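Residue numbers (my numbering), protein chains in the order written: chain A, 1 to 337; chain B, 1001 to 1337; chain C, 2001 to 2337; chain D, 3001 to 3337.
Just so you know, these hints were derived from the structure itself, not from any lab.
Treat the hints with caution; some may be incorrect.
Mimicking DSSO-like on lysine-lysine, the simulated pairs with C-alpha atoms at most 27 Å apart in a straight line are [what the hints assert, rightly or not]: (1) 2006(C) with 1074(B); (2) 11(A) with 3011(D); (3) 2304(C) with 3074(D); (4) 3317(D) with 2010(C); (5) 317(A) with 118(A); (6) 1070(B) with 1261(B).
What follows is a set of in silico ranges between Cβ atoms, one per label pair, in the way DEER data are often shown [claimed, not checked]: (7) 2015(C) with 1324(B): 50 to 56 Å; (8) 3010(D) with 2115(C): 53 to 59 Å; (9) 1172(B) with 334(A): 51 to 57 Å; (10) 2023(C) with 3077(D): 55 to 61 Å; (11) 1228(B) with 2244(C): 48 to 54 Å; (12) 84(A) with 2158(C): 51 to 57 Å.
A short, non-exhaustive set of chain B residues, derived as facing chain A with CB atoms under 10 Å [said to hold, decoys possible]: (13) 1191; (14) 1317; (15) 1321.
Computed from a predicted structure; not experimentally measured.
Every residue, glycine too, gets a C-beta built ideally from N, C-alpha and C.
There are 4 protein chains.
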Amino acid sequence: MVIVMKPNAKKEDIAEIEKLLKSLNLGVHISVGSERTIIGIIGDKRVLADTPLELMPGVDRLVPIVESYKLAGKTFKPEPSVIKVKDKEIGGRKLAIMAGPCAVESREQVMEIARHLKAQGVQFIRGGAYKPRTSPYYFQGLEEEGLKILAEAREETGLLVVSEVVSPGSLETVARYVDVLQIGARNMQNFHLLKEVGRSKLPVLLKRGLSATIEEWLNAAEYIMSEGNYNVILCERGIRTFETSTRNTLDLSAVPVIKEKSHLPIIVDPSHGTGKWSLVTPMARAAIAAGADGLMIEVHPDPKTALSDGPQSLNFKSFDSLMEEISKLAGIFDREI
Amino acid sequence: MVIVMKPNAKKEDIAEIEKLLKSLNLGVHISVGSERTIIGIIGDKRVLADTPLELMPGVDRLVPIVESYKLAGKTFKPEPSVIKVKDKEIGGRKLAIMAGPCAVESREQVMEIARHLKAQGVQFIRGGAYKPRTSPYYFQGLEEEGLKILAEAREETGLLVVSEVVSPGSLETVARYVDVLQIGARNMQNFHLLKEVGRSKLPVLLKRGLSATIEEWLNAAEYIMSEGNYNVILCERGIRTFETSTRNTLDLSAVPVIKEKSHLPIIVDPSHGTGKWSLVTPMARAAIAAGADGLMIEVHPDPKTALSDGPQSLNFKSFDSLMEEISKLAGIFDREI
Amino acid sequence: MVIVMKPNAKKEDIAEIEKLLKSLNLGVHISVGSERTIIGIIGDKRVLADTPLELMPGVDRLVPIVESYKLAGKTFKPEPSVIKVKDKEIGGRKLAIMAGPCAVESREQVMEIARHLKAQGVQFIRGGAYKPRTSPYYFQGLEEEGLKILAEAREETGLLVVSEVVSPGSLETVARYVDVLQIGARNMQNFHLLKEVGRSKLPVLLKRGLSATIEEWLNAAEYIMSEGNYNVILCERGIRTFETSTRNTLDLSAVPVIKEKSHLPIIVDPSHGTGKWSLVTPMARAAIAAGADGLMIEVHPDPKTALSDGPQSLNFKSFDSLMEEISKLAGIFDREI
Amino acid sequence: MVIVMKPNAKKEDIAEIEKLLKSLNLGVHISVGSERTIIGIIGDKRVLADTPLELMPGVDRLVPIVESYKLAGKTFKPEPSVIKVKDKEIGGRKLAIMAGPCAVESREQVMEIARHLKAQGVQFIRGGAYKPRTSPYYFQGLEEEGLKILAEAREETGLLVVSEVVSPGSLETVARYVDVLQIGARNMQNFHLLKEVGRSKLPVLLKRGLSATIEEWLNAAEYIMSEGNYNVILCERGIRTFETSTRNTLDLSAVPVIKEKSHLPIIVDPSHGTGKWSLVTPMARAAIAAGADGLMIEVHPDPKTALSDGPQSLNFKSFDSLMEEISKLAGIFDREI
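With the hints as extra help, turn the sequences into a complete structure.
This is the structure:
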């Protein structure tokens, strides 16, 4: 960390800070500039986490030099992580395609989708059983009944199940049925829930919050990892901006940025990212071209009748042509689906 | 709701939509424009909540006309709500001042602050016992121990206690000690938690999410109210924007906007809203001048040693002069502290 | 346009609006809902442009149905436009690659780059002669001297020249040397300048403003087109958001959105969009995969010594491998470079 | 400036940077941390403006320590500036109230408003003669004819005139009629225009850009000041965010932030800042309570017939009560209107 002093800071101010830092066994480098003095701090800055140096007389501001996350960072583990989910892998040569309905609606619906996905070579089925909705008057999900249906689909087709957990209280139930626990965007900083899934043995798909910086997102991953669960998959799903022609602004730059800062795999959800089915295929292609390790796509046999997020779901025909396009693209980047 | 058809929509498309709406017992008004046709829908649109009309052939987009919240809106209750908290009131003539440390650190710290606040005529003490922090390596709060200290301060001073609840699992514990349950910004769309506090009898202080629109904020209040708890106090605490010279951008326009749309009281937190103690007093004044029903202010006897958010805390001297300034201002607006 | 009335609007309010609209020869459709009345307006809404209906008694808000741009929209011209620039085309099967230094620094620099680009099959050279910089103390460009150097590069290599015009006063000078006039992001709503380039015969590359919605961007194109110059090429270059790990947030969804709303070609500038050279190649790939008609890329023989925006410039080696990757990708989408 | 090296930077990398800096006569402080080395640079960093140190081997990123503006900053001039406009002052004890129509529409309109403002004790009349509008099909202003009307109003009432200049070409014309040149939000980074008004002798009202940081805003002021014109008044008028219930998000925190960083006076425009007349008075009060030196308010005798921005204009009755409220508030802060 670097402390930037005010232009009018006094010698005594600087001396007092030096004394404080040394008392905490931190190294100190003082650099007297033409306009301001800056103070570099050497050592484990975690001993400073609770000391608001900004309030010491003469201090203008602090500049963090090292990220606050460790386990999620490349310094901790330089080579990319490949997350095992039973017999499948995420982050390796094979792109992870997770597809399915926004919400589990019925056994028939899920089985019809699962069979279709299976025939297309998909490995993961996604479906919401517990649905976080902006209004209490919208469909809230089938809960455990929905999870049973997903598990049944796995039994018949071999597709692995990804589904969202929305509260610590239902974690045990969800964990009984799914293969990957999903943390939704609105819960990315629900730190209590993060710690709970960090104690689980299941891989966790961590969606980026609507207004989370990449730094905060990696810190959320750190919450999970610091409890012992290193199997975290990141999922970019759009951030909130002033633009209104799309539901969110899909931040594809996050893909190469994450690849530079972290060893964790990252997939992209163009369905939530755009909110409009006609934009899903171009943005899915773009995600893979940017280097993503997979996709999460909403598919519904009849989007018009979907109980949740129909407008952003692909029907089978559109999904099949997406798969064909992605397959061609994957070849160029030495990957496959 | 209004359906806007595409310029090239066919007559059959319009006829099919008309048929669907009538089958749901909704009234239909078709308006053929020079470039496009629009279809107005009359009746309880909740029957449409799960029908993605956007996917019907020929449809361009939907335009909502009526807000999705009801109980939080002025149509439901035109006159302002005054929330009772034991012998105190929020939303009435008297401004609600909630002050205290960001985090409860020790019995001594809290008692010292409580006595000071009491002497200044403050009615509520705030203090975090469960702290949601962006990094798992930061101080996470004293938990139940902290709540006990707050309750002890109430016993001695009569100050009512406001403290945050971060998960359904600890709600019962928190509810045992506090007078007002606080929902933090990062949990504003933790819908499971909202429903749980909706079943509590305690008033709820609902902070605005970092990237929540006012519409989403009122829908979050609706989650609480639809479970039977109408005692919701809103708290503006800054939204996330591109500006970096403040921690957040305090959106004071939200105060008069809420007054137009809702009957719920609204207070303002300039400490989190700006992140810098030197900006707290001017923005507290501005909040009251904009019409806020109260303030939430971080106060610490020695901000330099605070375990959390020290840089945005006022010391006693600054707090006292803030109280003096607010008191003068209140008089102009026929309010008092 | 649709007028949404307040829940408590009176019959007389509605009657008065109806009277006003009819006096303007507009058709009126009134739709009495369960909670509110809405009024649809039929006819050329431009007669209303200067009538603030929002202020009529009983009116809650207005909902625009038809976009305010015409010439830039698909209703006006459904098939994609291909812009001719001398013997080259933008928007056709061939991807338009515009590359070169952020700023023209010297004859040697530009000639070295131009020869390299030519050898790589590039068709357009870009280079700033007039530089809009955030601080007056930064390098401001070689002005006309820089344009002469670019023209000399064209003479030797046949590369067509793209360069920015920053004020009406220098338009004539710039137009004498370049083949495509560039309007920079900071001037996207410099309406006076837009009208001036609209009276020019040269094609115009219109960069998206840092905080411009897609609707505003197309309205800026409309400014140019309404003066008679239909040769507009759009360029997405990143928008301003809260994320700080990239210089801007490159909004690639804008590519398919523009393709749905407009007939104008769109290219992408990943150099400004990300601000970091290591992100340029992945985002260039993503742009083409999203459907962009071309790329604008900063290239510099020795980015370390660049007088402007060095950190986002590719050196020759990186640029060559970008070209190779884009070439492979183009094949999949039935395009070429 | 501080250079943060990568964790894996080599000794030679550091040595090379040291050599470069010393060759530029800059002082160098190297601080070897546990994870990274940082390098502090001492001296006039302007010699580095065009050297992208980010590209030197081993460099991770640069951290600016000193702002890039000088003349606009408090280090250059610690005491607040009071700007003289003929016999009036902005930034002193007296609040500067600038009021008038968004657009000059007719002689009658302006004279009626001017007389009303005069009677209310207002000192400045504002009115747009050249209007930057988002669509070319909207009313574009009366141009010089409008300026003549404003000058006539000054002759009769003594009100000083504030009006916008939108291009260098019309600066001479505008300067002939007005007392304060206004630079609109969309032109805040029209650097060519900034330099031109910097060469004028007239005071300049510089509105903040829709997506401009406070740092960029002060740099825009620096453009004007570095040409010799130190008479700059800043005007906060709302920034662009995700919130849609107001036209912009009025960032009142900018007022105390500017007071900490700069000596220039700052006024607030709640009309554009909110876009809704019913929010103007509460936000005007809030602006003064936050410490603003004045207000810019849209007033129109009959907002319903206004040719531009009617919905955000106050009628005379609302304006008079705003003035009364502001007058009471001013007293508390030892100011007057």
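Worksheet item: So which of those numbered hints doesn't the model satisfy?
Response: The structure breaks hints 2, 3, 8, 11, 14 and 15; every other hint is satisfied.
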